[in-house]
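These protein sequence lines map, in sequence, to chains R and H. Residue 1 is where the first sequence starts when you use this note's numbering, and the numbers rise one by one after that. Residue 1 is where the second sequence starts when you use this note's numbering, and the numbers rise one by one after that.
Rather than coming from a laboratory, the hints here were simulated on the basis of the structure. Among these hints, one or two may not hold up.
[What the hints assert, rightly or not] Cross-link-like lysine-lysine pairs, in silico, DSSO-like; alpha carbons within 30 angstroms at most:
{"no.": "1", "chain 1": "H", "residue 1": "129", "chain 2": "R", "residue 2": "36"}
{"no.": "2", "chain 1": "H", "residue 1": "53", "chain 2": "R", "residue 2": "333"}
{"no.": "3", "chain 1": "H", "residue 1": "53", "chain 2": "R", "residue 2": "91"}
{"no.": "4", "chain 1": "R", "residue 1": "152", "chain 2": "R", "residue 2": "333"}
{"no.": "5", "chain 1": "H", "residue 1": "163", "chain 2": "R", "residue 2": "329"}
{"no.": "6", "chain 1": "H", "residue 1": "163", "chain 2": "R", "residue 2": "196"}
{"no.": "7", "chain 1": "R", "residue 1": "91", "chain 2": "R", "residue 2": "270"}
{"no.": "8", "chain 1": "R", "residue 1": "124", "chain 2": "R", "residue 2": "139"}
{"no.": "9", "chain 1": "R", "residue 1": "86", "chain 2": "R", "residue 2": "111"}
{"no.": "10", "chain 1": "H", "residue 1": "242", "chain 2": "H", "residue 2": "232"}
{"no.": "11", "chain 1": "R", "residue 1": "152", "chain 2": "H", "residue 2": "163"}
{"no.": "12", "chain 1": "R", "residue 1": "36", "chain 2": "R", "residue 2": "86"}
{"no.": "13", "chain 1": "H", "residue 1": "53", "chain 2": "R", "residue 2": "107"}
{"no.": "14", "chain 1": "R", "residue 1": "107", "chain 2": "R", "residue 2": "124"}
{"no.": "15", "chain 1": "H", "residue 1": "53", "chain 2": "H", "residue 2": "94"}
{"no.": "16", "chain 1": "R", "residue 1": "86", "chain 2": "R", "residue 2": "107"}
{"no.": "17", "chain 1": "R", "residue 1": "270", "chain 2": "R", "residue 2": "196"}
{"no.": "18", "chain 1": "H", "residue 1": "232", "chain 2": "H", "residue 2": "129"}
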Amino acid sequence: MSEENKQETAQVNMANLRGGIEYASQWQLMWARFRKHRVAYASMVLVALLYVVAIFAEFLSPFSPEDPSSRTVYQPPQVLHFDGFKPYVNKFTLTRDPVTLAPTYVKTDEKTYLEFFAKGYEYKMLGIWETNLHLFGPKEQGEKMFLFGSDKLGRDMLSRVIFGARFTLSMGLIGVILSTVLGIALGGVSGYYGGKIDWAIQRLVEFILSLPTIPIWLALASALPRNWPPHLVYISVTVIISLIGWTHLARVIRGKFLAMRGEVFVIAAKLDGCSEARVIFRHMLPSMASHVIAAVTLAIPSMILAETTLSFLGLGLQPPAISWGVLLKDAQKISVISNAPWLFLPGVMVVISVLAMNFFGDGLRDAADPYSH
Amino acid sequence: MLNYIFKRMLSAIPFMFMVSLTVFILIQLPPGDFVDSYAAAAASSGETISPEKMADLRHQFGLDRHILIQYFYWIGGIVTGNFGYSFEWQSPVKDLVGERIGLTLILSVAAMLFTWALALPIGVYSAVKRYSIGDYFFTFVGFIGLAVPNFLLALVMMFIASKYYNQDVTGLFSPEFQSADWSLARVYDLMHHLWIPMIIMGAASSAGLIRILRANLIDQLYMPYVVTARSKGLSEVKLLIKYPVRIALNPFVSSIGWILPNLVSGAVIISIVLNLPTVGPMLYQSLMSQDIYLSGTILLVVCLLTVVGTLLSDILLVILDPRIRLEQ
Numbered sequence: 001m002s003e004e005n006k007q008e009t010a011q012v013n014m015a016n017l018r019g020g021i022e023y024a025s026q027w028q029l030m031w032a033r034f035r036k037h038r039v040a041y042a043s044m045v046l047v048a049l050l051y052v053v054a055i056f057a058e059f060l061s062p063f064s065p066e067d068p069s070s071r072t073v074y075q076p077p078q079v080l081h082f083d084g085f086k087p088y089v090n091k092f093t094l095t096r097d098p099v100t101l102a103p104t105y106v107k108t109d110e111k112t113y114l115e116f117f118a119k120g121y122e123y124k125m126l127g128i129w130e131t132n133l134h135l136f137g138p139k140e141q142g143e144k145m146f147l148f149g150s151d152k153l154g155r156d157m158l159s160r161v162i163f164g165a166r167f168t169l170s171m172g173l174i175g176v177i178l179s180t181v182l183g184i185a186l187g188g189v190s191g192y193y194g195g196k197i198d199w200a201i202q203r204l205v206e207f208i209l210s211l212p213t214i215p216i217w218l219a220l221a222s223a224l225p226r227n228w229p230p231h232l233v234y235i236s237v238t239v240i241i242s243l244i245g246w247t248h249l250a251r252v253i254r255g256k257f258l259a260m261r262g263e264v265f266v267i268a269a270k271l272d273g274c275s276e277a278r279v280i281f282r283h284m285l286p287s288m289a290s291h292v293i294a295a296v297t298l299a300i301p302s303m304i305l306a307e308t309t310l311s312f313l314g315l316g317l318q319p320p321a322i323s324w325g326v327l328l329k330d331a332q333k334i335s336v337i338s339n340a341p342w343l344f345l346p347g348v349m350v351v352i353s354v355l356a357m358n359f360f361g362d363g364l365r366d367a368a369d370p371y372s373h
Numbered sequence: 001m002l003n004y005i006f007k008r009m010l011s012a013i014p015f016m017f018m019v020s021l022t023v024f025i026l027i028q029l030p031p032g033d034f035v036d037s038y039a040a041a042a043a044s045s046g047e048t049i050s051p052e053k054m055a056d057l058r059h060q061f062g063l064d065r066h067i068l069i070q071y072f073y074w075i076g077g078i079v080t081g082n083f084g085y086s087f088e089w090q091s092p093v094k095d096l097v098g099e100r101i102g103l104t105l106i107l108s109v110a111a112m113l114f115t116w117a118l119a120l121p122i123g124v125y126s127a128v129k130r131y132s133i134g135d136y137f138f139t140f141v142g143f144i145g146l147a148v149p150n151f152l153l154a155l156v157m158m159f160i161a162s163k164y165y166n167q168d169v170t171g172l173f174s175p176e177f178q179s180a181d182w183s184l185a186r187v188y189d190l191m192h193h194l195w196i197p198m199i200i201m202g203a204a205s206s207a208g209l210i211r212i213l214r215a216n217l218i219d220q221l222y223m224p225y226v227v228t229a230r231s232k233g234l235s236e237v238k239l240l241i242k243y244p245v246r247i248a249l250n251p252f253v254s255s256i257g258w259i260l261p262n263l264v265s266g267a268v269i270i271s272i273v274l275n276l277p278t279v280g281p282m283l284y285q286s287l288m289s290q291d292i293y294l295s296g297t298i299l300l301v302v303c304l305l306t307v308v309g310t311l312l313s314d315i316l317l318v319i320l321d322p323r324i325r326l327e328q
C-alpha cells in the first residue's frame with residue numbers, strides 16, 4: 001500500500017505549491033489514479049484515435065465511399081505486403097461463372113504499390129480548403145485496392161467503414177449530450193428539491209426504465225416519414241435514442257444531489273445567501289463533475305449500440321448516409337455473408353469502440369471515486 | 001406482507017393505464033393512417049383507390065372518429081378480450097398473435113433461466129477467486145458480451161452454423177412442424193431449435209449480471225460475520241452458500257424486473273434476424289404497414305410482460321429479504 005502511495009505522490013509531481021505545502025487538485029489526483037489503470041489509459045487513446053478518424057474521414061479514406069465499380073463486386077480483402085519498405089497488394093482478376101454470373105477472384109502476381117500522401121479524389125479538408133491528398137493510397141492514380149474488401153456495388157469497404165465512424169460516433173456523442181442535459185435537468189431538480197417533484201420524476205424514470213427499449217424505438221423510428229432528408233433523420237434518430245437513454249443518467253445525478261444536499265459546504269453556501277443557481281452550478285455540480293463525466297462516458301456505448309441496431313433494421317439512418325449500422329444491413333442475409341464475411345468488419349469496429357469506451361469509462365469512474373482503493 | 005402484495009398489485013393498475021396510453025400514442029404517431037399506406041401500396045401495384053372508397057374504408061375501421069374515442073374503443077375491447085382487427089391480415093388480432101406471444105414468453109423465460117444458470121456459478125467463482133486467471137478471463141469475456149450487439153451475435157452464429165456445420169439456425173421449428181398442432185414431437189422439435197436464440201439472448205444479460213453478483217459478493221466476503229463463521233470452523237463451501245451468496249442473490253431476484261424487459265426487447269430483434277415465429281417480426285411488419293391494432297396489441301403485451309416481471313420481482317424480494325419486509 002505504501003508503495004502505491006509513493007507512486008501516487010510521484011505521479012502528482014505537477015502538484016502546486018502554496019505556502020510551502022504541496023497540494024494536488026481533485027482533477028490532478030484523479031488523473032494520477034486514472035493513469036495507473038493501464039487498460040483504461042490505452043482505451044482512452046483508442047477512443048481519441050477513433051474520433052480523429054471520424055473527423056478526418058476524407059483524408060484517411062483512400063477512395064470515395066460512394067465510388068461504385070461493377071468490376072470489383074464483393075472483392076475479397078487484399079493483404080498488405082512489403083517489398084523492402086514499399087508496401088504493395090497483389091491484384092485480383094475477376095472471372096464470372098458463365099452460368100450463374102457469380103464472381104470469383106483470383107490473386108495474380110501483379111502488384112499495386114501504395115504510398116503515403118497519395119493523390120485521390122477531391123474533397124474539402126475540414127470543410128475548408130480543397131485538396132486531393134489522402135494519408136495513403138495507390139501510387140498510380142486511378143488504381144484500386146481493397147484492404148477491407150468491397151461491397152455489393154464494388155465500393156471500398158475500408159473507406160466506407162471510415163466514413164461510417166463519422167455518423168455512428170458523432171451520433172453517440174450528440175445523443176449523450178442531449179441525454180446529459182435532460183438527465184442533469186430532471187435528475188437535478190428531483191434530487192435538489194425532493195418532495196413531490198422528486199416523486200413524480202422518479203415515477204417517470206421508473207416508467208421509462210420498465211418499457212422494453214427496442215420495441216419502443218422501433219415504434220418511434222417507424223413514425224419518421226420515409227422521405228425525410230438524411231440530416232433530419234439523423235437528428236430525429238439521435239433524439240429518439242436519447243429520449244430513452246437519459247433515465248440512467250438522471251438516476252446517478254439525482255443520487256448525487258440527494259447525498260450532497262446535506263453536506264456542510266452546501267448548507268454553508270445556502271446560509272451565506274447564495275442564490276439557488278449559484279449553489280447548484282458553483283458548489284454542487286463541480287464536486288460531482290467527475291462522477292457525471294464517468295457516467296456519461298459509460299452511456300455513449302449504449303447510444304452507439306442503439307444507432308447500430310436501428311439502422312441495421314432499416315429504421316435508423318438510410319443509405320446514402322453511411323453508418324456502421326447501415327453497413328451491417330448489407331450483412332443481413334446468410335447467402336451474402338457466407339460468401340463475403342468481410343462485411344462483418346463494421347461490426348468488429350462497433351465491438352472495438354464499445355469495448356474501448358466501456359474500459360475508458362470504468363477507469364474514469366474508479367479514478368473519480370476517492371474511496372476506490 | 002399480504003397487505004403489501006395487494007398494495008403493490010393495485011399500484012400496477014395506473015401503471016398499466018399509462019402503458020396503454022403510451023402505446024396508443026406511439027401507434028398513432030406516424031403521419032397518415034392505415035388507409036393511406038394501403039392506398040400507397042395499391043398505387044405502387046398500379047391500382048387506384050377512389051377518395052370515396054378511402055373515406056368508406058376509414059368509416060368502416062372507425063378511423064374517422066375522434067382520437068380519444070378510438071382509444072376508449074380500443075382499450076375497452078382489450079379489457080373484454082377483443083384485441084381488434086388486423087387490416088393487413090384481414091383477421092382478428094387475437095388469432096394472429098396468440099401462439100406468437102406464447103413462444104415469445106417461452107423464449108424469454110428460457111433465456112432468463114439460461115442467464116441465471118450461467119451467471120450464478122461464474123459470479124461466485126469470480127468473486128471468490130478474485131484476480132485469478134479465471135476471473136480475468138470471465139471479466140474479459142463479459143466485457144465482450146456487453147459490447148457485441150445482440151443482432152451481430154445472431155448473425156455471427158448464423159454464419160458459423162451455415163459455414164462450418166452446414167446447418168440452418170433460423171426459425172423455431174423444422175419445416176414439418178411449422179404449422180402442425182401441438183404434440184410431444186413438436187415440443188421436442190422446439191427444444192431442439194430454442195437453444196441458439198436462448199444463448200444469444202442470455203449472453204449479454206448474463207455478462208451484466210455476473211458483474212453485479214461479483215461486486216455484491218466481494219462486498220459480503222470480507223464482512224465480520226463471514227470471518228466469525230470461518231473462525232468457528234464452518235466449512236468453506238457451506239459458509240459461502242449459506243450466508244454471503246444468499247445475500248448477494250438479491251440482485252438475481254430484482255433482476256427479473258430489468259432483465260425481463262431487456263430480454264423481451266432483445267427477443268424482438270433476434271427474432272427478426274433469425275426469423276423466429278415470435279412477436280418480433282410481426283411487430284416490425286405491422287409498424288411498417290401501420291397496421292395499428294396489430295402493432296398496438298404486440299407493443300402492449302410486450303410492455304405488460306415487463307410490468308408483470310417487475311411486479312413479480314418486487315413480491316419475491318419481499319418474501320426473500322426480511323429487511324425489505326420490515327421497511328414496509
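Could you tell me which of the numbered hints above are not met by this structure, giving the numbers in increasing order? 2, 3, 6, 7, 12, 13, 14
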